[in-house]
Each structure stands twice: as C-alpha cells, then as structure tokens.
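Colleague: Spelled out, the chains give:
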Amino acid sequence: MDLLNQIIRQPVDPDYAVAAAREHEPPRGRWALTVLAMIIGALFAVAALQTTRTAPALELERTELINRVRNAEGEQDQLQGRVTSLTQEIATLRAAALGDDDAAHSLEARIDALDPVVGNVGVAGPGVLIVVDDSPSATAEARDRVLDIDLQVLANGLWEAGAEAISINGHRLSNLTAIRGAGDAITVDYRSLTRPYRVEAIGDPRTLQARFVESLAGAWWNDLAQNRQMRYEISDVKQLDLAADPGIVLRHAGRATS
Amino acid sequence: MIPLLGLLAGIVLGIVLEPSIPQVLQPYLPIAIVAAMDALFGAFRAYLEGTFTDRVFVVSFISNVLIAAAIVYVGDQIGVGSQLATGVVVVLGIRIFTNAAAIRRALFHA
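Quick mapping for you: the protein sequence lines, in order, are chains A and B. Quick note on this note's numbering: the first sequence kicks off at 1 and runs consecutively. Quick note on this note's numbering: the second sequence kicks off at 259 and runs consecutively.
The set of hints was computed from the structure by calculation and includes no laboratory data. These numbers were taken from a predicted model, which means no experiment stands behind them. There's no promise every hint is true.
If you anchor each label on the Cβ, the simulated ranges turn out as follows [claimed, not checked]:
hint, chain 1, residue 1, chain 2, residue 2, range
1, B, Ile352, A, Arg251, 54 to 62 Å
2, A, Thr52, B, Leu263, 19 to 27 Å
3, B, Val332, A, Ala72, 47 to 55 Å
4, A, Leu58, B, Leu283, 31 to 39 Å
5, A, Leu147, B, Val274, 50 to 58 Å
6, B, Val332, A, Ala243, 22 to 30 Å
7, B, Val332, A, Ala21, 28 to 36 Å
8, B, Ile320, A, Ala21, 46 to 54 Å
9, A, Ala21, B, Ile352, 24 to 32 Å
10, B, Pro285, A, Gln76, 32 to 40 Å
11, A, Leu65, B, Ile260, 48 to 56 Å
12, B, Leu287, A, Leu4, 24 to 32 Å
13, A, Ala225, B, Arg362, 52 to 60 Å
Backbone N, C-alpha and C fix where the C-beta goes; we use that ideal spot for every residue, glycine too.
Just chain A, with the same shape it has in the complex:
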C-alpha cells in the first residue's frame, strides 16, 4: 500500500519542483515542446485510427469462423447420413452373403437381437421423456446450469432403472458415447447440444419412471430442481422412436482369433 500511497502523494514529476527551485532559466526548447506536442497528437490519432480500422476486420474474422463451423457441421451431418445408408447397405449385403442355410439363419437372428441393444439400429417403444434445462435465473452461476455430469448421472440412472435405449436431443447413446462439457456447451458423441435437453428412454412403461425416481439419479435431479430451480419434467410416453447411433465403430478391438 505504501507504493500506491506514494503514487497518490507525488503524482507530478518531482523534477518540475527541482527545476523551478533552481534559478529561472530563460525559456528555451519551445521547439522541442511543439514537436513533442505534435508527436503526442499524432500518437493519439494513429492509435484511434488503428483501433477503428481493425474493428471490422475482427468482426469479419469472427463471422468467417462461425461460417466455417457451420459448414463443418453441415458436412458432418452429411457424412452421418452417408454412414446410415452405408450401414443399411452392409446389412443387405450381409444378408445376401450369409446365404440360406441354418447356420446363417441363427447368425442373422443373433445379429437382429444384438443390433438394437448396442444402438446400431433405430428402435421404437414405450418409455419416458425427461426434459431438463438450466434454471431461469442462470445468469452467472455455473451451478445453476445443467452440467455434463448432471446429464451423465441422468443417463446412468436411466440405465440403472432398466432403460433399454436412451437418446439425448436425438443422439442415441451407445456404450461408446461420451457426454462431456466443451466450453459452454455439453456434447454428446462430440456434437454440441442446444438447450433444453430432451432425454428419451425406452423401457418398461410400468416401472421405468418409478425406478428412476427412486434411484440415486432421481434424488440428484430432485435436489437440482428444488435447490437450483432447474427445469426437470418427467413424463410417460406411449411411443418413442430412437434413431440409430451412426458413430458405432470399433477402433482398436478386433475379432478374437480362436
């Protein structure tokens, strides 16, 4: 604090007083003063010009970046569509290749049984719809907003309650799906979500909701809704249609050679 006090107490260069205490010199250096004043003026003008000049450039850069992100997102959508159509093609080719004998039939039956479980094909059925959102007063506090861990807890609670398929905002969850926070947004399958978050889960319509509410996740969300005023609506739905997860691929695991 001493430093600040000294700055406040002695804001003028002490040299002025020293020079004035000496005998009064005849005024000289007028020219230096004038030149310096001009330099200062030019400094102000140049800085102001530069700041106003770069403002539109920054704005341009920003919009360009936004456009690039949009383009990339469109491209991603297109590629995912292609993945879906190629997956269908694989299914028809596989059916053709397997042929018509008994072993092929049992293999196909196993594939048909496993595909919906892992999320490889779209599924439909009764279940629950849970809509969650940030609290309306969520301006500053991050704790009043839905975080990635809240959605993780929600999804895990649904699995625990016996859900057979879950999707968040249309993104089907598989056992390879990551729910993560990235900056301000929550991503599922590395795609950012927009609020509000609609979590759809297919499961036994008689028990799914009750079991979820009684689970740890239900308590977690009850707490968020009551203490943080987050939106948390849970309702039974007779018919839900969940799309396939287009991102299912094994990157490292291969078929075991026996």
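Please build the complex by placing chain B on the supplied structure of chain A, with the hints as guidance.
Modeller: Then chain B, alone, in the frame of chain A:
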C-alpha cells in the same frame, strides 16, 4: 497555447498522413499513449502551479514512454506482458486521476 496548437496539428497530421506503425511496435502504442497522457496531465498541473519547465517535460515524457514500453516488452518476453501492461495502466491511471483532480481544484476552486 503553442503546445495546444501542436497537439491539434499532430492529430490532423496523424489522420491525414496515416503513418503505419511497424507490426513489432503496435502492442506498445496504447501503453505509450497512456504514458503520454500521464506526462501531459503532470505537465499541466505543474504549469498551473507555476513550476512548468519545457526541458523537464520533454525528458519526463520521453523517459515515461520508453520505460512503459520497455516494461511491457520485457513482460512479453517472460510471459507476463498483459499483467505488466495492466500494472502500468493502473499506476499511470492513478497518477492521471490524481493530477486531474488537482487541476480541477486549481481551475475551478472546487
């Protein structure tokens, strides 16, 4: 009067000629301007108190600008450039406000 005219002439010259600052020096321009403002306010206060001297003003201005820019430059080299720039702005800002208050008291007796 002469410095005021010089200031105006400088502003006009700067706008008309639009000299381009080298890219290397650009980050130090705002800091130099804050240092210049501090020198200006200090000079005006000294003038009101009757102790103004051209030579002191010229020397103090140049050294202020150079030291402020040097502090930020060194900070940039060791990775605390923006923090040191903040420090310079805070210190010079306090001086500017104190001097402005003294000038106001001297001019308006309020």
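Colleague: Now, for every hint given, state plainly whether the structure supports it.
Modeller: Hint check:
no. : hint                              : verdict
1   : B:Ile352 <-> A:Arg251: 54 to 62 Å : holds, 58 Å
2   : A:Thr52 <-> B:Leu263: 19 to 27 Å  : holds, 25 Å
3   : B:Val332 <-> A:Ala72: 47 to 55 Å  : violated, 41 Å
4   : A:Leu58 <-> B:Leu283: 31 to 39 Å  : violated, 20 Å
5   : A:Leu147 <-> B:Val274: 50 to 58 Å : holds, 55 Å
6   : B:Val332 <-> A:Ala243: 22 to 30 Å : violated, 58 Å
7   : B:Val332 <-> A:Ala21: 28 to 36 Å  : holds, 34 Å
8   : B:Ile320 <-> A:Ala21: 46 to 54 Å  : violated, 23 Å
9   : A:Ala21 <-> B:Ile352: 24 to 32 Å  : holds, 26 Å
10  : B:Pro285 <-> A:Gln76: 32 to 40 Å  : holds, 38 Å
11  : A:Leu65 <-> B:Ile260: 48 to 56 Å  : holds, 49 Å
12  : B:Leu287 <-> A:Leu4: 24 to 32 Å   : holds, 26 Å
13  : A:Ala225 <-> B:Arg362: 52 to 60 Å : holds, 56 Å
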